[in-house]
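In my numbering, the protein residues as written are -6 to 43.
Read the hints as simulated data drawn from the structure, not as lab findings.
Cβ atoms here follow ideal geometry from the backbone N, Cα and C, with glycine treated the same way.
Mixed in with the good hints, there may be bad ones.
[Said to hold, decoys possible] Simulated restraints on C-beta separations:
id: 1; residue 1: D12; residue 2: H39; range: 26 to 32 Å
id: 2; residue 1: L34; residue 2: K14; range: 26 to 32 Å
id: 3; residue 1: D12; residue 2: L33; range: 29 to 35 Å
id: 4; residue 1: T13; residue 2: L33; range: 29 to 35 Å
id: 5; residue 1: R11; residue 2: H39; range: 30 to 36 Å
id: 6; residue 1: T38; residue 2: R11; range: 38 to 44 Å
id: 7; residue 1: S15; residue 2: L35; range: 26 to 32 Å
id: 8; residue 1: S15; residue 2: Q37; range: 38 to 44 Å
id: 9; residue 1: G16; residue 2: Q37; range: 28 to 34 Å
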Amino acid sequence: MLSVKLIGFCEPYSSSVRDTKSGLHAFKAIILKLILAIFLLLLQTHGGYW
């Protein structure tokens, strides 16, 4: 009975941790894409000077 309560208590916490981790991963991916896009844009605009 106690273990069932413990599992019920820990489950939302573990899922929120998993959500946070996936959220951070998605955030990193978005930032990397932004950096890449800016880099490519700079490469296109200043490519003639190099």
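Evaluated hints:
Between D12 and H39 the Cβ separation comes to about 40 Å, which falls outside the hinted range of 26 to 32 Å. The beta-carbon spacing between L34 and K14, approximately 31 Å, falls within the hinted interval of 26 to 32 Å. The supplied range of 29 to 35 Å is met by D12 and L33, whose beta-carbon atoms lie about 31 Å from each other. For the pair T13 and L33, the supplied restraint of 29 to 35 Å holds, since their beta-carbon distance comes to about 30 Å.
At about 42 Å, the CB distance of R11 to H39 disagrees with the hint of 30 to 36 Å. In this structure, T38 and R11 meet the distance hint of 38 to 44 Å, their C-beta atoms being roughly 41 Å apart. For the pair S15 and L35, the supplied restraint of 26 to 32 Å holds, since their beta-carbon distance comes to about 31 Å. With their beta carbons about 33 Å apart, S15 and Q37 fall outside the hinted range of 38 to 44 Å.
The supplied range of 28 to 34 Å is met by G16 and Q37, whose beta-carbon atoms lie about 32 Å from each other.
Checked against the numbered hints given earlier, the structure breaks hints 1, 5, 8 and satisfies all the rest.
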